[in-house]
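*Asks:* Listed below, chain by chain, are the residues.
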Amino acid sequence: MVRFENVGLRYGLGPEVLRDLSFRIEPHSFQFLTGPSGAGKTSLMRLLFLALRPTRGLITLFGHDIATLNKDAMATLRRRIGVVFQDFRLIDHMTTYENVALPLRVVGQEEGSFRDEVVELLQWVGLGERMWALPPVLSGGEKQRAAIARAVIARPQLLLADEPTGNVDPSLAQRLLRLFVELNKSGTSIVIATHDIALMDQYDARRLVLHEGRIHVYE
Amino acid sequence: MNDDVDAVTAAPQPGARPQFVSPIVPKGTIAGRALVAIVAIMTFLASLTTGAVVLVRAAASDWQSEVAREVTIQVRPVGNRDLEADTSRAADIARRFAGVADVRVYSKEESSHLLEPWLGTGLVLEELPVPRLAVVRITSGAAPEFQQLGRLLAEQVPSASLDDHRGFVEHMRSMGRAAFLGGLAVLALVLVATVLSVTFATRGAIATNRTVVEVLHLIGAKNTFIAQHFQRRFLGLGLQGGVIGGGSALVLFGLVEFLSRHFLGSAAGDQFGALFGSFSIGIFGYVAVAFQIALIAGVTALASRRTVNRTLETFE
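These protein sequence lines map, in sequence, to chains A and B.
Here the working numbering is used: the first residue of the first sequence is 2, the next is one more, and so on.
Here the working numbering is used: the first residue of the second sequence is 1477, the next is one more, and so on.
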């Protein structure tokens, strides 16, 4: 599904923040991406959701070498990836329902075809009563769940979550982890970037550990 | 952000079906009023220019056709020749010429009236070598050979000359052309100023909506989708400004047309009428202004789309 071969990344003329990364993410797999602060987790996540291009090496995504893709093809690939941003990135002038439905609207689906599905998902993540609310009035946990719902509504093949439990209490973190596990069981590959050891200890999964820009894989 | 506040406070009834009603690009994040004002002013100026060009061209065309229906024979007093006899002979030659409807010889009194503005009243023409004039009216639709008439006059009445007003007509034509080109230049400047204003407004809107644009980009929206939403919003603003500016110009033209009709018969009204005819820009003028409104709105939309696309090109 995802293949990195000797990937390196530097910002401008600065030092390499990621060095010689070689690993794969298989279909239906579950992995944590971890490492100390500043190890390059967010940079690697940005490479995975195509917000950055590597300065060297090869990245293939769903069988496509991303170096050869044009803007439209990149956009089409992004639709197969769901992303939960660390800062949620919900759109403030849209209701929770609209934020969650946005990926489906972007691909041109008629509202009649997705309304029930969005409502059902919102109820499943516990936001059934908050679908009319705007993000500024949601709590941290509600925002987190709305961001997750938006990431999974289009049934992505790969879900990337950057510090999804960073802003929530331990019990909610546990519930969110269960949500990711359920999604993985339904066929989505999951990558959770976190430095929360307690969270990783709750679920036995593959670990990708970043240290000083290099990756170590623990199966 | 009023829309947002409304959405927070105006909670729907339980059981109501949710709907995707929020625009992708929120209204409050574009300097809409300022842009509408700029587009309105630009359209107003462009419409005034268009109206003025239409009026000048129509007036020049009227003057041309009026002048082109007549030519003038001038008979100069030369030596011992009989000026009266030469004048009537020249008039006879013209009358017999094909394509001439009528020849009217100006009497001595009429000639002295013509000179009054320069020489004052009580003029005794016999004391001055004043030429005599004969106005030759052309049959409608005919195109007489004026060169041949001129030759005939030169052969048979050496003191007579024919003035077909060609120089004046040429002058009118070049004036009409210059007015038209000037109008086009003003319109081009207005369009450039509109494009620049919209470009700055779009950049501002993108900067304000950067999170929205980034999120759309990262969830797989193609650049065309994002640009389309900005374009739609700016098209609305462009149309709004265009209708206000163009509409104001049309109201102004209508008002002046009404007033010119109202004062018809007064000295000022007559002078105005002599210069600009009925002071009506006509159906062509109104259509041209309507076209301009659409053009400026279209330019506004396209300029915003181009700016969004160029900005999105910088995104990975």
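Read the hints as simulated data drawn from the structure, not as lab findings.
Backbone N, C-alpha and C fix where the C-beta goes; we use that ideal spot for every residue, glycine too.
One or more of the hints may lead you astray.
[Stated by the list, open to error] Once the Cα atoms are required to be at most 16 angstroms apart in a straight line, the calculated EDC-like pairs of lysine to aspartate or glutamate come out as:
(1) Lys1584(B) to Glu1621(B)
(2) Lys1584(B) to Glu1603(B)
(3) Lys1584(B) to Asp1558(B)
(4) Lys72(A) to Glu1603(B)
(5) Lys1503(B) to Glu213(A)
(6) Lys186(A) to Asp88(A)
(7) Lys72(A) to Glu1789(B)
(8) Lys186(A) to Asp205(A)
[What the hints assert, rightly or not] Every beta carbon over 10 angstroms from chain B, so not counted as near; a handful from chain A, in silico:
(9) Arg57
(10) Asp73
(11) Gln87
(12) Pro104
(13) Glu112
*Asks:* The structure should be examined with respect to each hint, and the outcome stated for every one.
*Replies:* Each hint tested on the structure:
Restraint check for Lys1584(B) and Glu1621(B): not satisfied, since their Cα atoms lie roughly 29 angstroms apart, outside the 16 angstroms limit. Distance restraint check for Lys1584(B) and Glu1603(B): the Cα-Cα separation of roughly 12 angstroms lies within the 16 angstroms cut-off, and the hinted pair is therefore satisfied. Restraint check for Lys1584(B) and Asp1558(B): satisfied, since their Cα atoms lie roughly 14 angstroms apart, inside the 16 angstroms limit. Note on Lys72(A) and Glu1603(B): the hinted pairing is violated, with a Cα-Cα distance of about 92 angstroms set against a maximum of 16 angstroms.
The straight-line distance between the Cα atoms of Lys1503(B) and Glu213(A) is roughly 45 angstroms, outside the 16 angstroms bound, and the hint therefore fails. Restraint check: the Cα-Cα separation between Lys186(A) and Asp88(A) comes to about 26 angstroms, which exceeds 16 angstroms; the hinted pair is violated. Between the alpha carbons of Lys72(A) and Glu1789(B) the distance comes to roughly 8 angstroms, so the proposed pair stays at or under 16 angstroms and holds. The suggested pairing of Lys186(A) with Asp205(A) holds, with an alpha-carbon distance near 14 angstroms, which does not exceed 16 angstroms.
Look at Arg57(A): its CB is around 16 angstroms from the nearest CB on chain B, clear of 10 angstroms, so calling it non-interface holds up. With a minimum CB-CB distance of about 6 angstroms to chain B, Asp73(A) fails to clear the 10 angstroms threshold, and the non-interface call is violated. For Gln87(A), the condition that its CB be more than 10 angstroms from all CB atoms of chain B holds, with the nearest at approximately 13 angstroms. The claim that Pro104(A) lies off the interface is violated: its Cβ sits roughly 5 angstroms from the closest Cβ of chain B, which falls inside the 10 angstroms cut-off.
Residue-level check failed: Glu112(A) sits 5 angstroms from the nearest beta carbon of chain B, not beyond 10 angstroms.
Violated hints, in rising order: 1, 4, 5, 6, 10, 12 and 13; the structure is consistent with all others.
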